[in-house]
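Trainee: Residues per chain, in single letters:
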Amino acid sequence: METKQTTGGEKLIQCLEREGVEYIFGLSGGAAMPIFDALLDSKIKLILVRHEQGATHMADAYARSTGRPGVVLVTSGPGATNTVTGLLTALMDSAPLVVITGQTPTAGLGKDAFQEADVTGITYPVVKHSYLVKNARDIPRVVREAFYLATSGRPGPVLIDVPKDVGQGPCDAPFTDELDLPGYQVPSRGDPGCIAEAARALGESRRPLLYVGHGAVISEAGKAITTLAEKLRAPVVTTLLGKGAVDETHPLHLGMMGMHGTAYANKAVVDCDLIMAIGARWDDRITGRLSDFCTEAFKIHVDIDPAEFRKIIVPDVSILGDARLVIEDLIPQVEMADSADWLRQCERWRKQYPLKYPKQGGLRAQHVLDRLDAITAGEAIITTDVGQHQMWAAQFCRVRSNRHWITSGGAGTMGFGFPAAIGAQFANPGKKVWAVVGDGGFQMTQAELATAQLNKLPVKCLIINNNYLGMIRQWQEMFYENRLSGSDLEGNPDFVKLAQAYGSKGLRIRRPGDVDRILKEAQAYNEGPCIVVAEVVKEDNVFPMIPAGAALSEMLVEKPRHRLEKPEGST
Amino acid sequence: MSVAQIAGPSASEVPAPPIHTISLFVNNTPGVLVRVALVFSRRGFNIESLVVSPSAEGRFSRMTITCSGAPEVLEQVVKQLTKLVDVVHAIDHTGDLSYETEIALLKLEAPLDQRTEILQIAEHFKARVVDYGTDSAILQAHGSSEKLDAFIDLLRPFHLVELVRSGKLLMVRGKRIT
Numbered sequence: 000m001e002t003k004q005t006t007g008g009e010k011l012i013q014c015l016e017r018e019g020v021e022y023i024f025g026l027s028g029g030a031a032m033p034i035f036d037a038l039l040d041s042k043i044k045l046i047l048v049r050h051e052q053g054a055t056h057m058a059d060a061y062a063r064s065t066g067r068p069g070v071v072l073v074t075s076g077p078g079a080t081n082t083v084t085g086l087l088t089a090l091m092d093s094a095p096l097v098v099i100t101g102q103t104p105t106a107g108l109g110k111d112a113f114q115e116a117d118v119t120g121i122t123y124p125v126v127k128h129s130y131l132v133k134n135a136r137d138i139p140r141v142v143r144e145a146f147y148l149a150t151s152g153r154p155g156p157v158l159i160d161v162p163k164d165v166g167q168g169p170c171d172a173p174f175t176d177e178l179d180l181p182g183y184q185v186p187s188r189g190d191p192g193c194i195a196e197a198a199r200a201l202g203e204s205r206r207p208l209l210y211v212g213h214g215a216v217i218s219e220a221g222k223a224i225t226t227l228a229e230k231l232r233a234p235v236v237t238t239l240l241g242k243g244a245v246d247e248t249h250p251l252h253l254g255m256m257g258m259h260g261t262a263y264a265n266k267a268v269v270d271c272d273l274i275m276a277i278g279a280r281w282d283d284r285i286t287g288r289l290s291d292f293c294t295e296a297f298k299i300h301v302d303i304d305p306a307e308f309r310k311i312i313v314p315d316v317s318i319l320g321d322a323r324l325v326i327e328d329l330i331p332q333v334e335m336a337d338s339a340d341w342l343r344q345c346e347r348w349r350k351q352y353p354l355k356y357p358k359q360g361g362l363r364a365q366h367v368l369d370r371l372d373a374i375t376a377g378e379a380i381i382t383t384d385v386g387q388h389q390m391w392a393a394q395f396c397r398v399r400s401n402r403h404w405i406t407s408g409g410a411g412t413m414g415f416g417f418p419a420a421i422g423a424q425f426a427n428p429g430k431k432v433w434a435v436v437g438d439g440g441f442q443m444t445q446a447e448l449a450t451a452q453l454n455k456l457p458v459k460c461l462i463i464n465n466n467y468l469g470m471i472r473q474w475q476e477m478f479y480e481n482r483l484s485g486s487d488l489e490g491n492p493d494f495v496k497l498a499q500a501y502g503s504k505g506l507r508i509r510r511p512g513d514v515d516r517i518l519k520e521a522q523a524y525n526e527g528p529c530i531v532v533a534e535v536v537k538e539d540n541v542f543p544m545i546p547a548g549a550a551l552s553e554m555l556v557e558k559p560r561h562r563l564e565k566p567e568g569s570t
Numbered sequence: 000m001s002v003a004q005i006a007g008p009s010a011s012e013v014p015a016p017p018i019h020t021i022s023l024f025v026n027n028t029p030g031v032l033v034r035v036a037l038v039f040s041r042r043g044f045n046i047e048s049l050v051v052s053p054s055a056e057g058r059f060s061r062m063t064i065t066c067s068g069a070p071e072v073l074e075q076v077v078k079q080l081t082k083l084v085d086v087v088h089a090i091d092h093t094g095d096l097s098y099e100t101e102i103a104l105l106k107l108e109a110p111l112d113q114r115t116e117i118l119q120i121a122e123h124f125k126a127r128v129v130d131y132g133t134d135s136a137i138l139q140a141h142g143s144s145e146k147l148d149a150f151i152d153l154l155r156p157f158h159l160v161e162l163v164r165s166g167k168l169l170m171v172r173g174k175r176i177t
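Same order as they appear, the protein sequences are chains A and B. Per numbering that gives the first Met the number 0, the very first residue in the first sequence carries number 0; after that it's consecutive. Per numbering that gives the first Met the number 0, the very first residue in the second sequence carries number 0; after that it's consecutive.
Here chain B stands alone, though its shape is the one from the complex (with noise of 0.2 Å):
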């Protein structure tokens, strides 16, 4: 369950395999968490990113995770997940109209001669600045993961101390359920 694995440069050439976005209706127990991660892990699945959250029903609970992996070996895993008596229903997500959003708060060095310039890139992707202390600031970005991506690549080199992201967050448009 790394985020640096998406954070990070990409410096390989051999094409990723896609990633997917599997939303969970789940029974809100104890348990129910390692039984999904079982599943994953089960099959060598690494998780890329993972929400639990409270549903708006207060019995269920909602996981959004997205992982990456050949899309025969997910569709197993998206059955399995549905087999777990625990879970309520589990969607792929892939290539439906939904709604995704992520969120990051990323800490810098930020020393005065830089600022202008952090400033300027955290404008341009209308980042916040949350936290502005003498020797460090942080700024709290969202939006895609993939805008996410390209924000953190630009401010790597401004002395990027710490990152923490939320994990994808997705709703489905329209009538259809999440």
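Just chain A, same shape as in the assembly (with noise of 0.2 Å):
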């Protein structure tokens, strides 16, 4: 009898297990066949999801909360531009994804066939790498090749495009383990030139203060950074992604910094003499108006892309090297900084400029957040999507341990946060997941309240509902007279009977006394997805704000009365 040849589309799954990948997200499609049939006889589980967006996602999540790469698996043509908006989200972001796409035969690439997509054209600018696989012996190289480009390093994603008659066509190719990668390094330690350079200068500094960001937590450096802040006596503060990095109830920890950070955090980096950035990349929400940032303070850049270094500010001293090794060789190097003075002004900051709401008039998305921090206490993992929410979200919800904040802050990708939500629940299924996201972005990716549902997964979606894209209403309201344009979400759709249709527990917040009652009972609730619909009051404003391109000095900790001029920073 003749035994069976192994075909292309096989060999790739082997190779997928042998990465030990548990899940793949993602939906079918003509030219992905092979690869779907194959999948059949693998342990990996797919994770059917209704559109290719929320598997991206889905899979970022799944990595960002884990650490190891999350995968897709999609079709040709359409299936395959859908994944766009999530390579981009995880670039941006440096989240390890694995995206193979389905292509037409290599014979009809470029000639028009059905549902043909010049996918690797296509997604260049997306990428940290990309393959189209033209032969089928490339297979176990191209799938060892991308799981170590997309987790190594600067994590990010990598795109294999796989054409039907290579999946379909035999493959007996050998696993393999040899990169061959010439152009390509990962820095691991930094230079102790350099690290002994910062200590002196942190040895220096009266007003020292961390600036740490998502490469922290991707190199798992929050521990480090802690004993670095204690044995310095230094603040801490964070960007958006780097929020868990080290624990927000740490008293040192002064909470996020930036265009909607909190006020005491602003301060502290207006105010401070030594500024260290630790995996972090000196964003535009960040700085605010560049040439009034930081501009006597000395500036240490920790990093392992040196592309960072000198893009936006130019660094006293960069470091080069992984977040977590060169944070542990500086610590035995450096000696408690002359800052009792310095952290006293930093704790008057935290008690003259709180972060707080009107608990009068109405339902507050801020007083739901409040209460989901107090109710989750730092055990669960909180995903958000893209606004006002998210801001409300990053300024309550105080994120105790890595890896347990998620949310899209390079891209700002609307959708992300309940499809990111479902992928961080299959990865940890002992844990609560909370998404947190508008009814404006949920809407973007609601689909996949059927892949929740058929998981049974007891994932819990917090839609915050004001029936506006909140974060525009607001810039509408502060810097253009108030004229709303295409900022109106009339025509919601009840999202309690939404959930309901899909067979899902919907439930509903009115009022300010439901709040505890109902957040409870969706933590309690764990026979599958939970959809709360919090009606907050429709005109809300996120504070403090930094107008984008404003000094972080000009920051409004309230609504100001006088009418402000339009910003003059990116969006």
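Keep in mind that the hints were calculated from the coordinates and are not lab data. Note that the structure is predicted; figures quoted are calculated from it, not measured. Among the hints, erroneous ones may be present.
No farther apart than 25 Å at their CA atoms in a straight line, the calculated lysine to any residue pairs in the SDA-like style are these [what the hints assert, rightly or not]: (1) B:K78 / B:E108; (2) B:K82 / A:N427; (3) A:K310 / B:R58; (4) A:K133 / B:T93; (5) A:K310 / B:K78; (6) B:K78 / A:R188; (7) A:K222 / A:N427; (8) A:K310 / B:T93; (9) B:K82 / A:L87; (10) A:K310 / B:N27; (11) A:K504 / A:L47; (12) A:K431 / A:P511; (13) A:K133 / B:L32; (14) B:K78 / A:L289.
Computed from the model, here is a short list of chain B residues facing chain A with C-beta under 10 Å [to be verified]: (15) G57; (16) R58; (17) F59; (18) M62; (19) Q79; (20) D85; (21) H88; (22) D91; (23) D95.
Computed footprint of chain A on chain B; a stretch qualifies when at least three of its residues, placed anywhere within it, have a C-beta under 8 Å from a C-beta of chain A [what the hints assert, rightly or not]: (24) 33-43; (25) 69-78; (26) 126-138.
A virtual CB, placed ideally from N, CA and C, is assigned to each residue, including glycine.
The task is to assemble the complex, starting from two chains supplied on their own in separate frames and drawing on the hints.
Mentor: Below, the structure is given as structure tokens:
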């Protein structure tokens, strides 16, 4: 009897098994059929989504919540182009993703075949690297390289485009661990000279500040940074994505800085005499007007990506390397800084400018999120969408541990939050996972309710419903004379009924008095997805706020009485 | 990617941004040229000339790119190029001790009454006549890009019909790598 030859699709799936892949998030289609067929005989579980964008965000959050790469499998043409937003999201936030796309058979490439798209061409700007596999014998090497590239150094998405004939045809290539990447180096330890220079500067500083970003989360540097902060007696601020690297309830933690950061964090940034960026990239949300940003402060920049040095600011000392290894090498070289006055000043700011919101006048998103923080008590993984609710969640949900806060920062992708929670829940079955989303973003990927319901995932989705694209409305109110254009989401569905239509649980919060009871009910519900709709005050604004392009010192802690000029900065 | 920009007369009063020559050592794989070009276009950099050729090892290719722009922006471009997985190294050779050359082909109408003068200019620049017809001639010149600029400018009044330039080639002198 003739032994069945391994196909390219089977080989590909075997390679994924070898990489330890547990889940594939995907949607099938013609050109990917050989690969989907091979999945039937694999122990890898396919999570069938309802739209490819959802698959990418699920895989992204699977990766961000575990550190292991997320895997997506889709078909050619529109199936593949639907992953572009997810690729951008992962690239901007350095999330390790391997996206496998089916492709037209090699003979038809470039001939406008059915469902053909030049997927490698379309995705060049949004991937860390990509492959078009034209020969099945390359499959083992390409998969090994793709996983290595996605997860090492500064992580990012890698795309593998597999023509149908390559997946269908025979593949006898052996598995390999060899990498053929002469143009790719991964930094690890920092240069001892640069680390010594940083230690010297930290020793001389009276007002040091540690500014912690996503790189610290990715390299699991939080413990080392906490030790460094305690040893130096230096306060810590984080970026939106750096939340959770250091426990936000730690006394030295001043919370998130930047456009909607805490006032005390931003005041510390304005007044520090040394700022040390650890895995952070001086994003425009962080620095505000660059010419006024920390002009007098000594700047130390720790990053694993050399292209980040001198991209936005010119550091006095740059240390190329893995954040955790660099900080661990730095700790023995630093002494306690003479920072007692500085810490007292930071505490005064903390008391003087607390995060606050009106306790009267209806249900407030801030109140709901404040209570969510209390009820989840740092145990839950929180994902968010993009907009006002995201900023309020960032302000009020104090993240206690690494990889428990997942949000789309760089790309600002609406529609991210809910599928992200699904991906995080698959990766962390023992944990409570809450998506905090707005009514606008939720509707972009709400079809994944089917995915969550089908898998009986106990994921919770808190919709902060103000029937607006709230952040846009806020800007139009503040900078465009309240001329609302394209920000009113009239016509929203009843989200409780929507949840019920999928067979999921739907709960509604209408009054401040309902908040604790409903949140606790959702928190305790484990039979499947639970949608909680908080019908919040329609017109509320996020403060503090630094208008885009303004200096950090121009921060608004509450709504100003005078009219504001249109901001100079981007969005 | 317009050669005409460096070949054309520079009428502008504003000092032009400095011209940089970057050499790249890259994997000889499909798509590498697009990846490289995207780094330039994303930053709004115009590539002035681009030469892609095999290297001494077949699995790698060599790219020599000239472009103009502010040095600090170019530093970012070189870093972003280096970051590409398919780029083994990218070096900005501005100010390096290197040998540079370029080849130009010029087609001229070359009517009888002008031929002597054309040939005199060609001889002065050590250019060769590689095609001589009744109503046209092709000249081949090589040398530094600046020398070719001057040569082309001199021949422009003689009915320059077509111009093709190879783009700048560069190799660093001594033991340092290009």
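Trainee: Evaluate each hint against the coordinates.
Mentor: Hint-by-hint comparison with the structure:
no., hint, verdict
1, B:K78 / B:E108, "46 Å, violated"
2, B:K82 / A:N427, "33 Å, violated"
3, A:K310 / B:R58, "32 Å, violated"
4, A:K133 / B:T93, "39 Å, violated"
5, A:K310 / B:K78, "10 Å, holds"
6, B:K78 / A:R188, "20 Å, holds"
7, A:K222 / A:N427, "21 Å, holds"
8, A:K310 / B:T93, "20 Å, holds"
9, B:K82 / A:L87, "17 Å, holds"
10, A:K310 / B:N27, "29 Å, violated"
11, A:K504 / A:L47, "21 Å, holds"
12, A:K431 / A:P511, "23 Å, holds"
13, A:K133 / B:L32, "18 Å, holds"
14, B:K78 / A:L289, "21 Å, holds"
15, G57, "14 Å, violated"
16, R58, "9 Å, holds"
17, F59, "8 Å, holds"
18, M62, "13 Å, violated"
19, Q79, "6 Å, holds"
20, D85, "6 Å, holds"
21, H88, "8 Å, holds"
22, D91, "14 Å, violated"
23, D95, "20 Å, violated"
24, 33-43, "holds (count 4)"
25, 69-78, "holds (count 4)"
26, 126-138, "violated (count 0)"
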